[in-house]
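In UniProt numbering, the protein residues as written are 1 to 740.
Honestly, the hints are just simulated from the structure, not real lab data.
Misleading hints may appear alongside valid ones.
Restricting the straight-line Cα-Cα distance to at most 16 Å, the calculated cross-link-like pairs of lysine to aspartate or glutamate (EDC-like) are [claimed, not checked]:
no., residue 1, residue 2
1, K27, E60
2, K24, E53
3, K244, E274
4, K225, E93
5, K24, E60
6, K568, D672
7, K244, D260
8, K225, D99
9, K275, D240
10, K24, D54
11, K225, D95
12, K275, D260
13, K568, E602
14, K275, D245
15, K27, D54
Just the calculated beta-carbon pair ranges, DEER-fashion [unchecked claim]:
no., residue 1, residue 2, range
16, P92, R594, 52 to 58 Å
17, L249, G628, 50 to 56 Å
18, R146, R670, 41 to 47 Å
19, V695, A572, 36 to 42 Å
Where is the CB? At the ideal position from N, CA and C, for every residue including glycine.
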Amino acid sequence: MSTDVELAISGMTCASCANRIERKLNKLDGVEASVNYATEKARVRFAGTVTPEDLLRTVESAGYAATLPRERSEPADGDGADGADGADGRDPELDALRDRLVVSAALTVPVIAMAMVPALQVEHWQWLSLTLAAPVAVWGAWPFHRAALTNLRHGATTMDTLVSVGVLAAFGWSLVALLWGSAGDPGMTHAFELSVDRTDGLSNIYLETAAGVTTFLLAGRWFEKRSKRRAGDALRALLDLGAKDVVVLREGVETPMPADRLAVGDVFVVRPGEKVATDGVVESGTSAVDASMLTGEPVPVEVGPGDTVTGATVNAGGRLVVRATRVGADTRLAQMARLVEDAQSGKARAQRLADRVSGVFVPVVVALAVGTLGFWLGTGVATSAAFAAAVSVLIIACPCALGLATPTALLVGTGRGAQLGILVRGPEALEQTRRVDTVVLDKTGTVTTGRMTLVDVVAADGTDAAEVRRLAGVLESASEHPVARALADGHTGAVEDFANLPGRGVRGTVEGHDVVVGRPALLADLGTPLDDRLVQAVDRAEAAGRTAVAVAWGGAARGVLVVADGVKDTSAEAVRRFRELGLAPVLLTGDNERAARAVAREVGIDDVVAEVLPEDKVAHVRRLQAEGRVVAMVGDGVNDAAALAQADLGIAMGAGTDVAIEASDLTLVRGDLRVAADAVRLSRRTLGTIRSNLVWAFGYNVAALPLAAAGLLNPMLAGAAMALSSVFVVANSLRLRTFR
Numbered sequence: 001m002s003t004d005v006e007l008a009i010s011g012m013t014c015a016s017c018a019n020r021i022e023r024k025l026n027k028l029d030g031v032e033a034s035v036n037y038a039t040e041k042a043r044v045r046f047a048g049t050v051t052p053e054d055l056l057r058t059v060e061s062a063g064y065a066a067t068l069p070r071e072r073s074e075p076a077d078g079d080g081a082d083g084a085d086g087a088d089g090r091d092p093e094l095d096a097l098r099d100r101l102v103v104s105a106a107l108t109v110p111v112i113a114m115a116m117v118p119a120l121q122v123e124h125w126q127w128l129s130l131t132l133a134a135p136v137a138v139w140g141a142w143p144f145h146r147a148a149l150t151n152l153r154h155g156a157t158t159m160d161t162l163v164s165v166g167v168l169a170a171f172g173w174s175l176v177a178l179l180w181g182s183a184g185d186p187g188m189t190h191a192f193e194l195s196v197d198r199t200d201g202l203s204n205i206y207l208e209t210a211a212g213v214t215t216f217l218l219a220g221r222w223f224e225k226r227s228k229r230r231a232g233d234a235l236r237a238l239l240d241l242g243a244k245d246v247v248v249l250r251e252g253v254e255t256p257m258p259a260d261r262l263a264v265g266d267v268f269v270v271r272p273g274e275k276v277a278t279d280g281v282v283e284s285g286t287s288a289v290d291a292s293m294l295t296g297e298p299v300p301v302e303v304g305p306g307d308t309v310t311g312a313t314v315n316a317g318g319r320l321v322v323r324a325t326r327v328g329a330d331t332r333l334a335q336m337a338r339l340v341e342d343a344q345s346g347k348a349r350a351q352r353l354a355d356r357v358s359g360v361f362v363p364v365v366v367a368l369a370v371g372t373l374g375f376w377l378g379t380g381v382a383t384s385a386a387f388a389a390a391v392s393v394l395i396i397a398c399p400c401a402l403g404l405a406t407p408t409a410l411l412v413g414t415g416r417g418a419q420l421g422i423l424v425r426g427p428e429a430l431e432q433t434r435r436v437d438t439v440v441l442d443k444t445g446t447v448t449t450g451r452m453t454l455v456d457v458v459a460a461d462g463t464d465a466a467e468v469r470r471l472a473g474v475l476e477s478a479s480e481h482p483v484a485r486a487l488a489d490g491h492t493g494a495v496e497d498f499a500n501l502p503g504r505g506v507r508g509t510v511e512g513h514d515v516v517v518g519r520p521a522l523l524a525d526l527g528t529p530l531d532d533r534l535v536q537a538v539d540r541a542e543a544a545g546r547t548a549v550a551v552a553w554g555g556a557a558r559g560v561l562v563v564a565d566g567v568k569d570t571s572a573e574a575v576r577r578f579r580e581l582g583l584a585p586v587l588l589t590g591d592n593e594r595a596a597r598a599v600a601r602e603v604g605i606d607d608v609v610a611e612v613l614p615e616d617k618v619a620h621v622r623r624l625q626a627e628g629r630v631v632a633m634v635g636d637g638v639n640d641a642a643a644l645a646q647a648d649l650g651i652a653m654g655a656g657t658d659v660a661i662e663a664s665d666l667t668l669v670r671g672d673l674r675v676a677a678d679a680v681r682l683s684r685r686t687l688g689t690i691r692s693n694l695v696w697a698f699g700y701n702v703a704a705l706p707l708a709a710a711g712l713l714n715p716m717l718a719g720a721a722m723a724l725s726s727v728f729v730v731a732n733s734l735r736l737r738t739f740r
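All chains, full assembly: derive it from the sequences and hints.
Shown next as C-alpha cells:
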C-alpha cells in the first residue's frame, strides 16, 4: 500500500535544484516524487520499507532542507517552504534578503560611480572602492556562494555557480592587482581608453563588476522571493472563512465554544447573520442561507428541517438548529482548500531560460577559462598576463545584463500594470500568457454584476406598475432576504403585521393594503392566482433564467417583479477582445442552464458549462488541459479558487474574495472584464521584453568571450561593454511604460 506525503523544501535557488532533489528521491525504491520549484514543495508517493524520515534524509543529502507537513487545520506557511512566519505574519527569510539588498545597493552605487566617472577617482579611490565592495562581494553575495558550494559538492552547476565564480574572480583579481600589481599605486586612474590591446592585468581592478552583479541579482532574487511568499495565502484565506465560534445545544442549554472543537453529531444553533460552523443537517427552523461565498451564485438557498447546510455559509434569515455531519478535514471548506493546494502544487514548473542555459553555459565558461590559461602559459607569455586573460573570461561571462534582464522588465511591466489596475504575481504568470488559447469565465461577479437587481415590472390590467413596484418595495424593506433587498432598493415606509412565510414569501399591511409578495404558488394557495398575462410573464422570466416574484393585494394578483443578476456593460466587448487575442471563451458556472445560456447569448459566448460544483470546475479545467489547450481562468469567488490555481493562468477580479485573489496569477483591481484582456496583452509584451533582454545578454557574453580569451579586453573596454549591455536591457525594459 502506497502513502502520499507533501514535503516543504527550503534552500532551492533555481529550477535545476528542484530537478536534482527530484532525481535523488526517485532513486529510492518504491518512490515517485515531483518537486515544484515555484511552490517549494515535493509531492511524494512511497511504499515498501521507505519511511518519511528516509525522504527527509535524502533531501538533506542533496544539500537542502525538508520538513513534513503540519496538520490541515493549522494555517499554512506563507511561502509554503521554509518554516513558520513570524508572529506578525512576516517572512524572516524575505526580510533578511531585503536587508542584504539594501545594504549592498548602498555600498555598490559609489563603487560603480567611481569606476565609471574619472572625475570621481580621487587619490586612493581604489582603496575606498575596495573597502565598500568587499562586504558586497563576500557578505552580500553569500547566498550565491553558499548555493555554488552546495552545487559543487553534488557535481552540478547553476546560475549561482556562474555568479559566484564571476564575483569571486573579479574581486580576487582586483585584490591581487591592488596588493601585488600597480593598481594600488597612489594616483591610479581608469581612463576611457576603448582600445583592444593585451596587458598583464595587474594595473586594473574590477570591483564595480563584483559589487554591481551582486546587487542586481539580489534585487532579482528578492523580487522573486516576494512573489513566491504568497503561494500559501489562498489556503490561509480559505481557512479564515470558517466560523471561529459556535453555540452548541446540549439538553436545551446553549453553550458557546470554539468551532474547531465540534464533533460529528453535535447540535448547534445558527442565528440570523451568523456563519454556519460546519457541514450539517437542519434539525429545526427555516431560513434562507447565503452560499455565495462558496458557490458564487447570488440567489440564496431556502432550507428547512432535513436540508443540508455547508460550513462557512451565512444564515440570512431565521434561527436554525443544525446537527453536525462533517467536521475538520472532512468538511466541504477543507476539501476546497485541498483542491486549491493540489492545483497549486500540480502546476507545471516554469523554468527560467537562464537556469536552463546555465547548466551548459557555466561548464563551458570554466573550461574556456582553464583552456585560456593553459594556452597562454604554453606560448611563453608572462604568467600574470595568462592569468589576466583567464580571469577576463570569467569576468566577462559574469551575468551583469543577465541579472538585469528579468527584474527590470518585471519591475517596469508590473509597475505599468499597477497603473492600469493589473497586479502580476510573478514571472511564472507571464510565461503562461504566451501560450494561452482558451479563457474560461466564471459567470457571477465576473461576466455579471454578482448582485440581484430588478430588471422588469409587469402589472395586471388596470393596475399601475409604479404602484406594484412601490408597495412591494416597502413590504420587502422589512425583510433581510437577498431577493427582498433587490426589490426594496430605495423604498421605505411603515409596514404593519409583517410576517415571513419561510421559503414562500412575505405578507404585511402597507398603506392600508394587505400585501403579499412571494412565489406564484403562494398566491395560488391564498386564492389570488395569476391571470394569463402574468403567467406568461413568469414563464418568460424563468425561460431566461431569471427569478419572478408575484405581488397581490385586495384579493387579486396585481403584478410580477422580475429580478436577475445583470450582465456588466463591458462584458460583451471583453469577450470580443479575447477573441481578437486568439482566445476561445468558455462560460463556466454553478448557476442553472437557462440562466447561463441567457447570459452567454448576451455577451457572445457559444461554449457554456452550467450547474457545476467547485470540484467540477477544477475537473473541467483539467479536461480542457488534457485536450491540449492552455487555459486562462477568470473568476472572483471562493468556488473559483481551485480552478484559478489549476488553470495555466489564473486571473482574479479584484472585487472578489481574498481566496480567489490569492489563488490567481493576475489580479484585476477593477471589476471590468476588459482589463483581463489588457492583462494578457501586457503580460505577453513583458514576457517578450524579458526574452529579448535575455537574448541580448547571452549574445553579449558569447561575443565578448573570444576577445577575453585572446587577452584583448582592457578593463575600460570590458566595463564599457558591460555598461552598454546593461543600459540596453534597462532601456528595452523602459519601453513597457508606453503600454496602452
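Here is how each hint holds up against the structure:
1. Restraint check for K27 and E60: the C-alpha separation of about 15 Å stays at or below 16 Å, so the hint holds.
2. In summary, the hint linking K24 to E53 is supported, as the alpha carbons are separated by about 14 Å, within the 16 Å threshold.
3. Proposed proximity of K244 and E274 is supported: the alpha carbons are some 11 Å apart, at most 16 Å.
4. A threshold of 16 Å between alpha carbons decides the hint, and for K225 with E93 the separation of about 9 Å falls inside it, so the pair holds.
5. About 10 Å separates the Cα atoms of K24 and E60, which keeps this hinted pair within 16 Å; it holds.
6. Between K568 and D672 the CA atoms are separated by roughly 8 Å; this keeps the pair inside 16 Å, and the hint holds.
7. Note on K244 and D260: the hinted pairing holds, with a Cα-Cα distance of about 7 Å set against a maximum of 16 Å.
8. Distance check on the hinted pair: K225 and D99 sit about 13 Å apart at the alpha-carbon level, within 16 Å; holds.
9. In summary, the hint linking K275 to D240 is supported, as the alpha carbons are separated by about 12 Å, within the 16 Å threshold.
10. In summary, the hint linking K24 to D54 is supported, as the alpha carbons are separated by about 11 Å, within the 16 Å threshold.
11. Taking the CA atoms of K225 and D95, the gap is about 10 Å. The hint holds against a cut of 16 Å.
12. A threshold of 16 Å between alpha carbons decides the hint, and for K275 with D260 the separation of about 14 Å falls inside it, so the pair holds.
13. Straight-line distance between C-alpha atoms of K568 and E602 comes to about 10 Å, which keeps the hinted pair within the 16 Å bound.
14. For the hint linking K275 to D245, the alpha-carbon distance of about 9 Å falls within 16 Å, and the restraint holds.
15. For a cut-off of 16 Å, the pair hint linking K27 to D54 stands: about 12 Å separates their Cα positions.
16. Take P92 and R594: their Cβ atoms lie about 53 Å apart, and the range 52 to 58 Å holds.
17. A hinted range of 50 to 56 Å holds for the C-beta pair L249 and G628, which are about 54 Å apart.
18. At roughly 43 Å, the beta carbons of R146 and R670 sit within the given window of 41 to 47 Å.
19. Separated by about 39 Å at the C-beta atoms, V695 and A572 satisfy the suggested range of 36 to 42 Å.
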